[in-house]
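From first to last, the protein sequence lines stand for chains W and A. So that you can map any letter, position 283 of the first sequence is 282 in numbering that gives the first Met the number 0, and since no number is skipped, the others follow by simple counting. So that you can map any letter, position 50 of the second sequence is 49 in numbering that gives the first Met the number 0, and since no number is skipped, the others follow by simple counting.
All the pointers check out, no bait thrown in.
Chain copies aren't distinguished; within one or between two, either way the pair holds.
Straight line, CA to CA, 25 Å or less: simulated SDA-like cross-link-like pairs of lysine to any residue: (1) K232 with T183; (2) K232 with S194; (3) K120 with G179; (4) K184 with V73; (5) K74 with E181; (6) K172 with E235; (7) K74 with K184; (8) K114 with P200; (9) K114 with N316; (10) K250 with G215; (11) K270 with M166; (12) K246 with E208; (13) K172 with E191; (14) K250 with F269; (15) K184 with E149; (16) K18 with V39; (17) K246 with V216; (18) K114 with K288; (19) K232 with V216; (20) K77 with D36; (21) K74 with G179; (22) K164 with K288; (23) K267 with G239; (24) K184 with T110; (25) K270 with G247; (26) K117 with E92.
Bear in mind the hints are in silico, worked out from the structure with no lab data behind them.
What follows is each chain in one-letter form.
Protein chains: 2
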Amino acid sequence: MKIIVDAFGGDNAPLEILKGSAAAVAAYGCDILLCGDESVIRKVAADNQISLAGMEIVHAPDVISMEDEPGEVVKTKKNCSMAEGLRRLAAGEGDAFVSAGSTGALLIGSTLLVKRIKGIKRCALAPILPSDSGFYMLIDGGANVECRPEMLEQFGIMGSAYMEKVMGIKAPKVGLANVGTEPTKGGELQHEAFSLLSKAPVNFIGNVEARDFPAGVCDVLVADGFTGNVILKLTEGVAGTLFGNIKGILKANLKGKLAAAMIMPGLKAFKKRMDTDEYGGAPLLGTSKPVFKAHGSSNAYAFQNAIRLACDFAKGNVIGTIEESLQGSK
Amino acid sequence: MKIIVDAFGGDNAPLEILKGSAAAVAAYGCDILLCGDESVIRKVAADNQISLAGMEIVHAPDVISMEDEPGEVVKTKKNCSMAEGLRRLAAGEGDAFVSAGSTGALLIGSTLLVKRIKGIKRCALAPILPSDSGFYMLIDGGANVECRPEMLEQFGIMGSAYMEKVMGIKAPKVGLANVGTEPTKGGELQHEAFSLLSKAPVNFIGNVEARDFPAGVCDVLVADGFTGNVILKLTEGVAGTLFGNIKGILKANLKGKLAAAMIMPGLKAFKKRMDTDEYGGAPLLGTSKPVFKAHGSSNAYAFQNAIRLACDFAKGNVIGTIEESLQGSK
Chain W
0 MKIIVDAFGG DNAPLEILKG SAAAVAAYGC DILLCGDESV IRKVAADNQI
50 SLAGMEIVHA PDVISMEDEP GEVVKTKKNC SMAEGLRRLA AGEGDAFVSA
100 GSTGALLIGS TLLVKRIKGI KRCALAPILP SDSGFYMLID GGANVECRPE
150 MLEQFGIMGS AYMEKVMGIK APKVGLANVG TEPTKGGELQ HEAFSLLSKA
200 PVNFIGNVEA RDFPAGVCDV LVADGFTGNV ILKLTEGVAG TLFGNIKGIL
250 KANLKGKLAA AMIMPGLKAF KKRMDTDEYG GAPLLGTSKP VFKAHGSSNA
300 YAFQNAIRLA CDFAKGNVIG TIEESLQGSK
Chain A
0 MKIIVDAFGG DNAPLEILKG SAAAVAAYGC DILLCGDESV IRKVAADNQI
50 SLAGMEIVHA PDVISMEDEP GEVVKTKKNC SMAEGLRRLA AGEGDAFVSA
100 GSTGALLIGS TLLVKRIKGI KRCALAPILP SDSGFYMLID GGANVECRPE
150 MLEQFGIMGS AYMEKVMGIK APKVGLANVG TEPTKGGELQ HEAFSLLSKA
200 PVNFIGNVEA RDFPAGVCDV LVADGFTGNV ILKLTEGVAG TLFGNIKGIL
250 KANLKGKLAA AMIMPGLKAF KKRMDTDEYG GAPLLGTSKP VFKAHGSSNA
300 YAFQNAIRLA CDFAKGNVIG TIEESLQGSK
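One chain only, chain W, in its complex shape (with noise of 0.2 Å):
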């Protein structure tokens, strides 16, 4: 299995890129191949002690950064680091791509280099986000803004895929975000999809109110962009300002401080099944090869989680499963 690795995306690259990027080649015995300023990434591994063992080195100059507009990427950003990986992705030399940086650049490099399935008519953000009972995918998390229904009933079938064969989650439920459980409920996009996700091979549970989305009553949220971008979002919102106030209210006096001393395991099983970095980020799905995002944020742990789930997403065959999926739809 070899990954390739976009070395100077996100928020924290190289150092963190590089980190996590040894620590999964030890830990689970893939290759990689980093693509980024040469003589950076030697310099940076070795001022840090970080091995290069196990990993190739391409050379690509330029980056593309998040003021960048995303479409340079194919255009005067043709050498960066990002561009350079999609092409060595498309080109058969890696198993799977990973990128800490731009969303935007990266969905439209992926498209432009590396193609959509065939018969897929765009390409999908496909986050994972904490539930109470666990977790649950979103598809789409933001890429496409406006949406057709049979888009939607298309990322149904690509996040069952990956639920099923990454996640191990047999026969994932798949639910439509509306605005209630009937099948008349939201607008004309909601009732075509409701219609086709009926049809499609999936197993397909119906529509799901947003009160019932953070219980995880299904294992594949369906989504326009604009309303899974406002999901994900919110969730990550008013998550951050209530664990804000809880731990003002810990901070505020001595009484709290104990208090805060007395429930610190408990607090911290929940932050950890909370924690978004065990998730690594989200597949892009709908590309003829396997595109993984880590969040932008990524420090070493998270970018290790990230190479370990695009292991998976190769490992796993999604993309076959999609295609069969695709014929079996029509």
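With chain W held as given, fit chain A onto it using these hints.
This is chain A only, laid out in the frame that chain W set:
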């Protein structure tokens, strides 16, 4: 000030509605016109020692339930307490109408029996949500699943008028729910709504990302009813899940229980701040006379608050302000 009350709307009607109404008469000195089955009202009041001083009763024997199709409020259930109250409001027999009954029925009934403000395209439900800096209004909370840009502009104008006149916020900050802060973010609906709101007679602060809603960066958050409903219910869902887990940690063992006792005052104050009963429900904005939707689960305290807000809604001349703003936006 005379408030018309639907005595048979909501999960806890008529008992909690009667208690809340009696408390409102005592606290605010308003008069109340109770709509509902007169003999039942008199019996429940007598059985529970609730004074009916300051209240008149209009006999309306039917009840529209959550199971009824909303449209039945003007068809087979014409004699229900809600329809009767709306007709009395339209006839000028009271200054505002409050119901904890079916939201769908209230929307249809208000639109058909009370009518919209001239020029207003759609009525919107405008719940108040807690935020880190106090609270904010979400408009539309779910009345209109599919929206046009000019509807979003009007939601901003109506929300701004209410927050200024009823909640006492000077030049309320109006934000547009979107997937990023740049004006180019979102789909066609958001682009056009952004442009219209920029020229509208409100303090428009631009797009707001979902991560920032709970921080309270704006006083009025404008969204189409589909997105708004997801925001409303997901906020409740995430908060409920997190509180449930924290509660579990605090009840897990003796240490947890001791810790709970130590931080109880802080937790209670925080819970009160998050408690939507304080805000009593949501105004329905766009009708030609004040209509206020109390929570379906309202207890006496929440319903009393709803009556207070309905009084302020009428006193504040919100509808006159909206009419003036509509002139200004042309």
